[in-house]
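Given these sequences and hints, build the entire structure.
If you're matching positions, the sequence shown starts at 1 in UniProt numbering and goes up one per residue.
Just so you know, the hints here were simulated from the structure itself, not pulled from any lab data.
Idealized CB from N, CA, C, for every residue including glycine.
Careful, some of the hints might be misleading.
[Said to hold, decoys possible] Computed spacing ranges between beta-carbons, pair by pair:
| # | residue 1 | residue 2 | range |
| --- | --- | --- | --- |
| 1 | Ser198 | Glu366 | 36 to 42 Å |
| 2 | Glu179 | Gly380 | 49 to 55 Å |
| 3 | Val367 | Ala93 | 53 to 59 Å |
[What the hints assert, rightly or not] Here are the computed lysine to aspartate or glutamate pairs in the DMTMM-like style, where the Cα-Cα straight-line distance is at most 20 Å:
| # | residue 1 | residue 2 |
| --- | --- | --- |
| 4 | Lys108 | Asp69 |
| 5 | Lys108 | Asp65 |
| 6 | Lys108 | Asp66 |
| 7 | Lys108 | Asp124 |
| 8 | Lys73 | Asp59 |
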Amino acid sequence: MTIALRYAARSDVGLVRSNNQDSAYAGPHLLVVADGMGGHAGGDVASSVAVAHLAPLDDEAHGPDDALDELGKAISTAHDELLARAEENPELAGLGTTVTALLRSGNKLAMAHIGDSRAYLLRDGTLNQVTSDHSFVQHLINTGKITPEEAEHHPQRSVLLRVLGDFDMEIVPDMSVREARVGDRWLLCSDGLSGVVSAQTLAETLATVHDVDTCADTLVELALRGGAPDNVTVVVGDVVEVDGLRDGAGPSTSSDIVGAAALDRNRPTMGGSGAAARAAMHSQAARASGGVPPPPEDEVVDEERPRTGRRILMVLLTLLVLGGVATGGYLGYQWTQEQYYVGVADERIAIYQGIPQSVGGLELSEVLETTDTPVTDLPGYLQDRVRQNIPASTLAEARERVATLEADAAPADDPTDGTTDGPGTEGTDTEQDATTTEDDA
1 MTIALRYAAR
11 SDVGLVRSNN
21 QDSAYAGPHL
31 LVVADGMGGH
41 AGGDVASSVA
51 VAHLAPLDDE
61 AHGPDDALDE
71 LGKAISTAHD
81 ELLARAEENP
91 ELAGLGTTVT
101 ALLRSGNKLA
111 MAHIGDSRAY
121 LLRDGTLNQV
131 TSDHSFVQHL
141 INTGKITPEE
151 AEHHPQRSVL
161 LRVLGDFDME
171 IVPDMSVREA
181 RVGDRWLLCS
191 DGLSGVVSAQ
201 TLAETLATVH
211 DVDTCADTLV
221 ELALRGGAPD
231 NVTVVVGDVV
241 EVDGLRDGAG
251 PSTSSDIVGA
261 AALDRNRPTM
271 GGSGAAARAA
281 MHSQAARASG
291 GVPPPPEDEV
301 VDEERPRTGR
311 RILMVLLTLL
321 VLGGVATGGY
331 LGYQWTQEQY
341 YVGVADERIA
351 IYQGIPQSVG
361 GLELSEVLET
371 TDTPVTDLPG
381 YLQDRVRQNI
391 PASTLAEARE
401 RVATLEADAA
411 PADDPTDGTT
421 DGPGTEGTDT
431 EQDATTTEDD
441 A
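Right, dumping it as structure tokens:
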């Protein structure tokens, strides 16, 4: 049985962003989504460069055993180009991109994934999320700190722990090989779709809108109806059997390039031509010649270029990318030190600077201010809240939360008011009695 892919790719700037930093590619053997980040100047460059390095894999030359290796090499060279670009052009500092890619080889699909774009598989009417987000909130879910429902509204839900781009680190994408089964429908998307449209709606749409082009259009429209605060990019791919199909129902044969990559045809790259143009030219040349044209000699990244510090501890990797904010930029460790929360220090209410997490044994917060109010003076439900940490976006907000808590604390006895704590107790003994009462409590 001969199988193939029928696919469609769509990308929309959304209703809030001023430019599209997503890119996607869909071809007979390759599906890719890349969500760029790094400000106005960098995100579109990053995603289109990733597509440009992956697009040459879209052919039949890869066996099941080497497809994963080829994906890994392409991602690594894209990473190197992004590092070089940022070094040459300060305006591109901090550029990065997610990558989620499927490469078909016979009846197998090699997958590479890094970041928080997603791959979903609809099989036998059931939709499953195949990839796991490399995000801070996913880490909190995995460690039982928050629920998936809480993650949907978490203030750091867009913070990434792994990404491709301008960070002096060893990239570690998730790699796997899966069966390509006739009837399967794959969805690759940026978080501009998955962050707005519910999994249930995704499942219903993928199951009921059978035409891939119409399905892709419908998914984008759903995100737009939901407000589309980010760029929206989708690739829908069906695994079909080639033999015995009616006319017009066969696999797709031309490649689709959408998003920033489609607008990047004249932007120079290390190879001297637009990133998307390289991808488009490859697709045409490969189908005409039956092979893969070699890249220009000046496109190859110099393997002797200094790689000082590239192999660093995972904790440093995490600290560098932990500061990805909702706009997609990166503030690194400094971002964690602009966060505050109210917690417990020495059994007293305290304000912490940082976030209540540790990475590789390194605490990402420290006590900033400690009050004189014991946590045990609070009502039970407030004690629980403080022990679980109460986030605050600013130091002033943290102090306001502390003031509110202290107002709810049990009032201490005043040793100077001359009152007594019980029959026969003299006013001069009130301080001692108050201490005894507090200890007994």
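How the hints compare with the structure:
| no. | hint | in the structure |
| --- | --- | --- |
| 1 | Ser198 to Glu366: 36 to 42 Å | holds, 39 Å |
| 2 | Glu179 to Gly380: 49 to 55 Å | holds, 53 Å |
| 3 | Val367 to Ala93: 53 to 59 Å | violated, 33 Å |
| 4 | Lys108 to Asp69 | holds, 14 Å |
| 5 | Lys108 to Asp65 | holds, 10 Å |
| 6 | Lys108 to Asp66 | holds, 11 Å |
| 7 | Lys108 to Asp124 | holds, 18 Å |
| 8 | Lys73 to Asp59 | holds, 16 Å |
This entry does not satisfy hint 3, going by the numbered hints stated previously; all others are met.
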